[in-house]
Amino acid sequence: MISLHDICREFQVGDERVRALDHLSIQIDRGEYMSIMGASGSGKSTLLNILGLLDMPSSGSYRFEEKELTRLDEEECAAFRREKIGFIFQSFHLIPRLSAYGNLELPLMLKGIPPHERREMIVKALGDLGLSNRANHLPKELSGGQQQRVAIARAMILKPPLLLADEPTGNLDTHSGREMIEILESLGEQGVTLLIVTHDPQLGRRARRQILMRDGQIIGDTRSVLA
Amino acid sequence: MRIDDVVRFSIKSLSAYPARTALILLAMVISIASVIILTSLGEGARLYVTGQFRSLGSHLLFVLPGRTETTGGLPPIFGTAPHDLTIDDSIALAHSVLIERTAPIVIGAADVSYGSKEREVTVIGSSHNLKSVFELKVAKGRFLPDDDIYRSDRVCVLGEKLHKELFGHRDVVGEWVRIGNYRFRIIGILAPRGASVGIDMSDAVMIPTPTAQMLFDRPALFRIIVKAKNKQALPRAEQEILDTIRIRHGGEADITIIRQDAMISTFDNILKTLTWAVGAIAAISLIVAGILIMNVMMVAVSQRKSEIGLLKALGAPTHQVMRIFLSEALMLSLSGGVLGLIFGLASVPLINYLIPDFVLQTPVWSIFAALATAIATGLIFGSIPALKAARLNPVTALSGK
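Chains A and B supply the protein sequences, listed in that same order.
1 is the number of the first residue of the first sequence in our numbering; add one for each residue after it.
1 is the number of the first residue of the second sequence in our numbering; add one for each residue after it.
Don't read these hints as lab results, they were simulated from the structure.
The beta-carbon is built from N, C-alpha and C at its ideal position, and this holds for glycine as well.
Treat the hints loosely; a few may be bogus.
Pulled from the structure, derived: some chain B residues nowhere near chain A, Cβ distances all over 10 Å [unchecked claim]:
no., residue
1, V97
2, K140
3, Y150
4, H249
Below, in silico cross-link-like pairs of lysine-lysine (DSS-like), each with a Cα-Cα straight-line distance of 25 Å or less [what the hints assert, rightly or not]:
no., chain 1, residue 1, chain 2, residue 2
5, B, K305, A, K111
6, A, K140, B, K305
7, A, K84, A, K159
8, A, K140, B, K401
9, A, K111, B, K388
10, A, K67, A, K111
11, A, K159, A, K67
12, B, K12, B, K388
13, A, K111, B, K12
14, A, K159, A, K124
15, B, K401, B, K305
16, B, K305, A, K84
17, B, K12, A, K140
18, A, K159, A, K111
Kindly produce the complete structure, drawing on both the sequences and the hints.
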C-alpha cells in the first residue's frame, strides 16, 4: 500500500543542516500492524509526519496506493489526510471547549457531511468505544483513558485505511495504556493499517512488524514469528 | 465545511473567552454608536440651518446693487454700482405679474435709547411689504404703515428681543423712543420666532425706508427683496428683474440676484460635507476597535496553535482554517456593529429628549455606512491573524511551540 523510496528530510537548525531522515526506504502492506521504535531524535516522528502528509520530504518518493504524493499541493494533501489517515497523538489533542460529541463532529464537519447524517455516525463511534454516556462531557471531565478513546473514535469515524499513532500510551497509566493497545489492535484486526511510534518496548514488541530507527535510518526490521 | 458549521464553531470559540469577547464588543459598540450619533448631529444641523433659511419665506430673490464685474472680485455685499438701487426700482419690479411683492431694504446701525438705557442696534428701513415677504408676525400694535411708501414717518416697530431688553414686559406701543438723534413713536412689536439666518429681526428696529435713508444719509437701497408668485416663476422673474433694471439703469443691469434656494442648497452642501466629516472622524475609532480585534485574534492564534495543527491533521485545508478565524473576527465586528447601531439609534431620541432645542436626525445612509464599516473592520483586521493561523506549519502547530 505504501512505498517510501530514498526519502531524505533535512531541517535547517541555526547554521547547521540536520538530516532527520537519511535515504530511508520502506514498504508497508495493507493491514500491517507495525511499530516504530528508536531513541529521541532517531527520526521516527519525522517519518510518521511524512507518512501522514503533515510534512514533506526534502527528496525521495512517497507512493500511496500507487499514487505519488510528494507532488501534491497543500489542498490535495489536506484532502488526502481527510480521506485516508487517522491520527492519534500522545496529548490527545481534543478541543477543550467542545464536548466528546463536538470533538467527534469535527472531522465530519470538515468533510461537509450534513448534520442529520452526523448524529448516527457519532453515536455509533462513541458506542463502539464504550463512551455512550460521555457524549456531552467536556474533555476535562473525562479521564485520560476516556480522552484517548474519544481521540481514537475521532480518528476512525471516517474509517480511514491508515491509522498513525504517535506515543498513544505516553500520557496514560499502565492500565489505560493496555486498554488502549487492545482497542488499537482490534482495529488492526478489522483491516486498518496500524503504525505506532513508541518508546515503550513492551508495546513495540506486540506489533507484528517492528522497525528500529537510528540517525534517520532503519537499522532493524523484524517480523514477529507469532504472526 | 458548511457555513453554519463555521458559524457554530466560531460562536463556541468566542464564548469560551467571555470577558475578552465582551470587551471587544464594547469597543465596537462605542465606535458604531458614535458614528450614528455624530452623523445624526450633522444631519440635524443641516436640517436646522436649511429650515431656518426656508423660514425666511418662500420664493425669495435678493437683489443686490452692483455685479462681481463692477465691484472687482468680491461678491457685492456692500457693492458700489454706477446706479443706486432706489425705492422706485423696487416699485417698478413689483409691476411684474410674476412677482407678488417687493420690499426695499436699507440697513444701518444706530443707538436706540429709552430713559437711561441705551444700546446700538440694527436699524432696518423697509416698507409694509417686509412683513409678508419675511413672514413676520406682530405681537402688539401694527407693522409699518402701507399708505405711502415715500413718507418719512418717525415710527418704528421693535423686534421682540430688543423690546424685552429695553422695556421688559411692559406694553410700550404708542410711547416714544430715541433712535440716533430723532424721536420715534413705537407702533408695533414683533412676535417672537426662532432665530433666523441673516438678519436677526428680533434684535432690530424697523422704520420706514425714507426715514432710514434720512437717518443714515444714504439715498441708495441696501437691497430689494423680491417675492415671486411661486417657485416656477423664479427663473423668469429673475430674467425680468434683470430686464427691468437694465431699462431703468441706462442699459446696464448692474445688479446681482441671489436666489434663496441657491443659498439653501449651498448651506445644504456644506453641512452634508460636515456630516460626512464628523462621521469619518467617528469612524477613526473603528480603526482602534479593529486593531483591538486584530490583537485579540493574534493572541487567540498563538493560544490555539495546537488546535490549528489538529484541524490541519484532520484535513482542513489552508482556506478552511482561514475561514474559521476570519468568521470569528467578522462575528465580533458584526455583532458589535449591530449592538452599536441599536445603542446609537436608541440614544438619538434620548438626546433629543434631553436637549429639545436641537433635533438630531439619523441619516439613513449612516446606518448602512456604519454596518458596512463594521464588516470591513472585521474583514481587514481579521484577515492578518487568520492568514497567520492558516499558514502555520501543521507539525510545529501540533507540538504547540
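Structure-based check of each hint:
1. At roughly 78 Å, the least C-beta separation between V97/B and chain A is larger than 10 Å, which holds for a residue marked as non-interface.
2. Under the 10 Å C-beta cut-off, the non-interface status given to K140/B relative to chain A holds; the minimum distance is some 77 Å.
3. No beta-carbon of chain A is positioned within 10 Å of the beta-carbon of Y150/B; the least distance is around 92 Å.
4. No Cβ of chain A comes within 10 Å of the Cβ of H249/B; the nearest lies about 83 Å off, and the non-interface call holds.
5. Using a Cα cut-off of 25 Å, the hinted pair K305/B and K111/A holds, with the two alpha carbons roughly 21 Å apart.
6. Between K140/A and K305/B, the direct Cα distance comes to roughly 19 Å. Compliance with the 25 Å bound is thereby established for this hinted pair.
7. Note on K84/A and K159/A: the hinted pairing holds, with a Cα-Cα distance of about 8 Å set against a maximum of 25 Å.
8. Restraint check for K140/A and K401/B: satisfied, since their Cα atoms lie roughly 22 Å apart, inside the 25 Å limit.
9. With a CA separation close to 23 Å, the supplied pair K111/A and K388/B stays within the 25 Å bound.
10. Straight-line distance between C-alpha atoms of K67/A and K111/A comes to about 21 Å, which keeps the hinted pair within the 25 Å bound.
11. A C-alpha spacing of about 20 Å is found between K159/A and K67/A, which places the hinted pair at or below 25 Å, so the restraint holds.
12. Distance hint between K12/B and K388/B is fulfilled; the C-alpha atoms sit about 21 Å from each other, no more than 25 Å.
13. Under the criterion of a C-alpha separation no larger than 25 Å, the hint pairing K111/A with K12/B is consistent with the structure, at around 19 Å.
14. With a C-alpha separation of about 12 Å, the suggested pair K159/A and K124/A falls inside the 25 Å cut-off, and the hint holds.
15. Proposed proximity of K401/B and K305/B is supported: the alpha carbons are some 8 Å apart, at most 25 Å.
16. With a C-alpha separation of about 24 Å, the suggested pair K305/B and K84/A falls inside the 25 Å cut-off, and the hint holds.
17. Restraint check for K12/B and K140/A: the C-alpha separation of about 16 Å stays at or below 25 Å, so the hint holds.
18. For the hint pairing K159/A with K111/A, the CA-to-CA distance comes to about 13 Å; that is within 25 Å, so the pair holds.
Checked against the numbered hints listed earlier, the structure breaks none of them; every hint is satisfied.
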